[in-house]
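Protein chains in written order, with the working numbering: chain A, 1 to 261; chain B, 1 to 276.
Don't read these hints as lab results, they were simulated from the structure.
A few of these clues could be false.
Unchecked claim - Derived contacts from chain B toward chain A, CB cut-off under 8 angstroms, selection only:
| hint | residue |
| --- | --- |
| 1 | H15 |
| 2 | R18 |
| 3 | V48 |
| 4 | T51 |
| 5 | V52 |
| 6 | F203 |
| 7 | F209 |
| 8 | V259 |
| 9 | L260 |
Stated by the list, open to error - From the derived model, a few chain B residues whose C-beta atoms are all more than 12 angstroms from chain A:
| hint | residue |
| --- | --- |
| 10 | K5 |
| 11 | L6 |
| 12 | P7 |
| 13 | L36 |
| 14 | A45 |
| 15 | V57 |
| 16 | A87 |
| 17 | L109 |
| 18 | L186 |
| 19 | T194 |
| 20 | L198 |
| 21 | V204 |
No residue lacks a Cβ here, since even glycine has one placed at the ideal position from N, Cα and C.
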Amino acid sequence: MRYLRVLHRAVVVALMHMAEDRAHTALVVLGGFGEQAVLLVTYLVFYRFAGEIAGWTAAEALLLLGIFWIFDGVWSSFFGGSLRLLPEEIRSGGLDRILLRPVSAQFLVSCQVVEVYELTKAATGLAVVAYAGTHAGVAWSLGGVGAAAAFWASGVVLLYALRFCMAAGTFWAMRVGELYGLFSELFWAGRYPVDYFPRLMRNVLTYVIPVAFTTTFPAKALLGTADLRRLPAALACAAAMLAASRLVWQAGLRRYASASS
Amino acid sequence: MTRPKLPRLLRLVGHQVRMNAMLALEYRVAAFVGVLDAVIAPALALLVWLTVHAHSVVPSAGTAAGLPYDRAQLVTYFLVAALCSTATSARGGWQLAEEIKTGALSTHLLRPAPPMVAALSTHVGEKVVKLGLLLPLVGLLAVGFREDLTVPAEPERWLLFGVALLLAAVLNVLLNYLIGTLAFWLRNVVSIGTLEGLLAGRFVPLAFFPPEARVALALQPWRYVLSFPVEIATQGAARADVIPGLAVQCVYVAGVWLVLRRVWRAGLRTYAAAGA
Chain A
1 MRYLRVLHRA VVVALMHMAE DRAHTALVVL GGFGEQAVLL VTYLVFYRFA
51 GEIAGWTAAE ALLLLGIFWI FDGVWSSFFG GSLRLLPEEI RSGGLDRILL
101 RPVSAQFLVS CQVVEVYELT KAATGLAVVA YAGTHAGVAW SLGGVGAAAA
151 FWASGVVLLY ALRFCMAAGT FWAMRVGELY GLFSELFWAG RYPVDYFPRL
201 MRNVLTYVIP VAFTTTFPAK ALLGTADLRR LPAALACAAA MLAASRLVWQ
251 AGLRRYASAS S
Chain B
1 MTRPKLPRLL RLVGHQVRMN AMLALEYRVA AFVGVLDAVI APALALLVWL
51 TVHAHSVVPS AGTAAGLPYD RAQLVTYFLV AALCSTATSA RGGWQLAEEI
101 KTGALSTHLL RPAPPMVAAL STHVGEKVVK LGLLLPLVGL LAVGFREDLT
151 VPAEPERWLL FGVALLLAAV LNVLLNYLIG TLAFWLRNVV SIGTLEGLLA
201 GRFVPLAFFP PEARVALALQ PWRYVLSFPV EIATQGAARA DVIPGLAVQC
251 VYVAGVWLVL RRVWRAGLRT YAAAGA
């Protein structure tokens, strides 16, 4: 309950910021729509040349795109901004003021900066999922939607844990946080079905940087073509990674020496 | 701000280029990460397009046309694009926007050279180091795809490519700077990187768009930032189109330069040092 209250406050603060700087908010939201339009155009160009690409028809790919936007919106609203700031907080000693607060520090550093306007992307995503799903022949059964949601949630947790550990690596080496730059392109490669890539890359995107869980598998679950045997493993891995991120955080905190860490 | 004499200006540029190259060497991890990112993006694009190519319908009379590039052209396009996008990428504008916001621009205004020189020197200084890091990576990719890689044989085409690449870099620095000057009036300059990427042919070669869009795409400035030099290297641009293309590029460089000068002066008048 307490955590929900903290999150609620963060959202309220974000909304106040947005109301204060309306021109900027409008620009950022427009920019987000522009980004989505560019990706949509990219897909339209793909399907100018083929009716079906690596087992994905245009409608099915659009369904995946919608799921990607929901992920993008949720990720960028809650985790993206906060985790980007974490290395600097550790380096400068700004973490002190977070550690003093009476809630889990990991929770605070993971979603203290809420960027609510990013949720507009998720809204577009939901609309696209509804539209494309109907065209792709999704049955909307409780099991299918449930499996999709479970895959998606486990994917978000896996990516969160991975990204969080990378940012927390700053406790040990100042520049580890920058390694994220290496992964950022791969991190966003979830905007395409992993089947678009050759086997090696497919495995990387499934097991190393598990973006497949946030887009490809949920889309397949909705379409009824997912391998559901993967689901328990996904959930177990997500739980394990979350626990591991907690251990990394605690080990890091033991090394933390405030301003000079 | 007095106008410095040319030799002095060149000395200043030389000095700042050296300083920035050293800075990039100092932050070599960051430079390397940036370079790897610059390779991963076109490599992913290439892999996706190769898949699309494998599934594309063979054109038959009256139906949709096939992919305009074959496998070899796709490979060449994206490998050359990886090189060109690192060579032409510019971020002086973001720096400028930040400096206008914080008032740090004042330091530059006091110097005996226009602030633009600082941006240009950052650009050149970084490129020297980054291209040195990038070449081995692209070389590796080239070896990986050696069966499909076809580069033009005539030295003349390489010469034209070099000229187009240089003009592309200058144009991008100017465009980026122009966007940065918006910070004189806006509190936050929003990145339009994704849109620029689309218009420059970063992920989708411009030749893949429907014919109705092609004229508009061929004439907009961002084509001349990346796509145009790459087209020369992949032979996508017919020989007769290269010279007019270079002319358009020159017109854009001159045009953006003139606009930038006017906007810059107008901006300085609204600038109040402690945050615009």
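Hints versus structure:
Among the interface hints, the one on B/H15 is violated; its C-beta lies about 28 angstroms from the nearest C-beta in chain A, farther than the 8 angstroms criterion. Of the supplied interface hints, the one on B/R18 is violated, with its beta-carbon coming no nearer than about 24 angstroms to a beta-carbon of chain A, more than 8 angstroms. The interface hint given for B/V48 is met, as the beta carbon of that residue sits about 5 angstroms from the closest beta carbon of chain A, less than 8 angstroms. Annotation: interface hint on B/T51 holds; nearest CB of chain A at approximately 5 angstroms, less than 8 angstroms.
The interface hint given for B/V52 is met, as the beta carbon of that residue sits about 5 angstroms from the closest beta carbon of chain A, less than 8 angstroms. At a threshold of 8 angstroms, the smallest CB-CB gap from B/F203 to chain A is about 6 angstroms, leaving the interface hint in force. A least Cβ separation of about 6 angstroms between B/F209 and chain A falls short of the 8 angstroms threshold, and the interface hint therefore holds. About 21 angstroms separates the beta-carbon of B/V259 from the nearest beta-carbon of chain A, more than 8 angstroms, and the hint is not met.
Using the Cβ-Cβ criterion of 8 angstroms, the hint placing B/L260 at the interface with chain A is not satisfied: the shortest such distance is roughly 21 angstroms. A cut-off of 12 angstroms between C-beta atoms confirms that B/K5 is not in contact with chain A; the least separation is 41 angstroms. No beta-carbon of chain A is positioned within 12 angstroms of the beta-carbon of B/L6; the least distance is around 38 angstroms. The beta carbon of B/P7 sits about 39 angstroms from the closest Cβ of chain A, which is more than 12 angstroms, so the claim that it is off the interface holds.
Consistency note on B/L36: stated as away from chain A, yet its beta-carbon is not over 12 angstroms from all of that chain's, at 6 angstroms minimum. Not every Cβ of chain A is farther than 12 angstroms from the Cβ of B/A45; the closest lies at roughly 9 angstroms, contradicting the non-interface assignment. Listed as a non-interface residue, B/V57 fails to keep its Cβ farther than 12 angstroms from every Cβ of chain A; the least gap is roughly 6 angstroms. Every CB of chain A lies more than 12 angstroms from the CB of B/A87, the least distance being 19 angstroms, so the non-interface label holds.
Consistency note on B/L109: stated as away from chain A, and its beta-carbon is indeed over 12 angstroms from all of that chain's, at 26 angstroms minimum. Look at B/L186: its CB is around 8 angstroms from the nearest CB on chain A, not clear of 12 angstroms, so calling it non-interface is violated. Not every CB of chain A is more than 12 angstroms from the CB of B/T194 (nearest about 5 angstroms), against its label as outside the interface. For B/L198, the condition that its CB be more than 12 angstroms from all CB atoms of chain A is violated, with the nearest at approximately 5 angstroms.
In this structure B/V204 is not separated from chain A by more than 12 angstroms, as the shortest Cβ-Cβ distance comes to only about 5 angstroms.
Hint compliance for this structure: hints 1, 2, 8, 9, 13, 14, 15, 18, 19, 20, 21 are not met, and every other hint is.
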